[in-house]
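K.L.:
To get my numbering, take the position in the sequence shown, counting from 1, and add 8.
Hints are computed from structural coordinates only; laboratory data are not their basis.
One or more of the hints may lead you astray.
[Unchecked claim] Cut-off 16 Å, straight-line C-alpha distance, at most; resulting in silico cross-link-like pairs (EDC-like, lysine to aspartate or glutamate): (1) Lys-126 / Asp-375; (2) Lys-126 / Glu-138; (3) Lys-454 / Glu-421; (4) Lys-162 / Asp-204; (5) Lys-297 / Asp-235; (6) Lys-297 / Asp-328.
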Amino acid sequence: MNKTIRNTSVFVLLLVLALLGRATWVQAYEARALADDQKNRRNTIAQYAQPLGNIVVAGSPVTGSERSGGGTDLEYRRTYTDGELYAAVTGYSSQAYGATQLEGIYADVLDGTDDRLKNPLDAVTRKQQEPGTVLTTIDPAVQKAAYRALGNKKGAAVAVDPASGRILAMASTPSYDPSRISGTNDGAAWQELTGDEDKPLVNRALRQPLPPGSTFKLVVAAAALEDGLYGSVDTATESPDPYTLPHTRTVLRNENASAPCENATIRTALRYSCNNVFGKMAADLGQDKVRAMAERFGFNDAGLDVPVRAYASVYPSKMDPAQTALSGIGQFDVTATPLQMAMVSAAIANDGLLAAPHMVSEVVDSDGDALTSFEDGDTRRIVSSATAGQLRSAMVTVVEEGTGTNAAVAGAEVGGKTGTAQHGENNSKTPYAWFTSYAKDPSTGKQVAVAVMIEDSGAARSEVSGNGLAAPVAQKMMAAALK
9 MNKTIRNTSV
19 FVLLLVLALL
29 GRATWVQAYE
39 ARALADDQKN
49 RRNTIAQYAQ
59 PLGNIVVAGS
69 PVTGSERSGG
79 GTDLEYRRTY
89 TDGELYAAVT
99 GYSSQAYGAT
109 QLEGIYADVL
119 DGTDDRLKNP
129 LDAVTRKQQE
139 PGTVLTTIDP
149 AVQKAAYRAL
159 GNKKGAAVAV
169 DPASGRILAM
179 ASTPSYDPSR
189 ISGTNDGAAW
199 QELTGDEDKP
209 LVNRALRQPL
219 PPGSTFKLVV
229 AAAALEDGLY
239 GSVDTATESP
249 DPYTLPHTRT
259 VLRNENASAP
269 CENATIRTAL
279 RYSCNNVFGK
289 MAADLGQDKV
299 RAMAERFGFN
309 DAGLDVPVRA
319 YASVYPSKMD
329 PAQTALSGIG
339 QFDVTATPLQ
349 MAMVSAAIAN
359 DGLLAAPHMV
369 SEVVDSDGDA
379 LTSFEDGDTR
389 RIVSSATAGQ
399 LRSAMVTVVE
409 EGTGTNAAVA
419 GAEVGGKTGT
429 AQHGENNSKT
439 PYAWFTSYAK
449 DPSTGKQVAV
459 AVMIEDSGAA
469 RSEVSGNGLA
479 APVAQKMMAA
489 ALK
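Could you build all of it, start to finish, from the sequences and the hints given here?
P.N.:
Written out as structure tokens, the structure reads:
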């Protein structure tokens, strides 16, 4: 054979082998990456090729699907029943802007592309199966009570069953209707929502930690009782009034100057929300002990999934003694979500045990067979039974005789804690109003833990208080849960 022809043949053979090798690599190793690429239009076409599976509340779907109409290769678009009411639970599924919340987490199940929905033959042929369903733990009565009570206020509310960890309600206001942005031609609505300074797309219940104010005093009280700094909630504390922050000339004053806060017991200090008591208590315990207790309740946990990922509530580190004292009243750099503060009350209500919070009970295929199940009552001990009982007793005093009277529910044991958190430089902006609580019906055994945060109500600064703004919302939620 001619040498030139032979060399050319070898070269061509090498090119063919290179092409075969590349094709094999793409098919064997890069196929999944290419298939999952967000820029792959086929994924979106497959996602909306058939009606989506549903997200279900108390046996009824709160989602649906409808034909997209002409001008698009996406067959179906998502619809929502009572979209504004359940937006903080469902999130949105948009042909143009992706998916969030439960819609995003379970997108593969809801559009039928999850491999668990396929039999072995379907997995080979990549045949799309009927979609699955997401069953939530939401109680529609409690959800409606939360959303309606929040009204036109900017805020959020969460209700949890203390024994099981089931999230019964999750509301965030102002809300939005996910149906407005579910198609491909909803740019005007999207611009309106993303440009709104009130941030309706933000789930404030999970993803906007703010200073919790005096509701954090429950955590400090728990640390003091567990550490043995004080023997009970009725032991007098060593708390001068006024209290000067350590190594400073700054006086930590109480909202009610006439309240009996000097050397007050924990019960009295919670009843009147005495800053001097809990500021001094945090300084006496030291930041490490307070942080340890806060982290037991769930602070500083960057992996809290319910199953939507919640932003971490923060108890800071590397504080000086004055800053540690301020942390004791839920200020300085302490932040919390309403979910976190509901977890605090839930653990106290559940005899010191915290059940893992979750708002999905089960994910099932089209035949109703479980793909994923979330166990109720997956608990861990936070404080002793004795400490939990002491704190419940003191929280009941807050509602019956103290700053939380607006949370009372007829015929039920209700305990709570108010909070008013400073906002802005030198407290120049309207404070945040908080309330966290629990309620138990002795006749039925039903119970619930709640946290409410009002970021802005439009009320005058002098009218902002946990009891005035947040406690009435909690009251309506607890009453609905106990029915």
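K.L.:
When the hints from earlier in the document are held up against this structure, which numbers fail?
P.N.:
none
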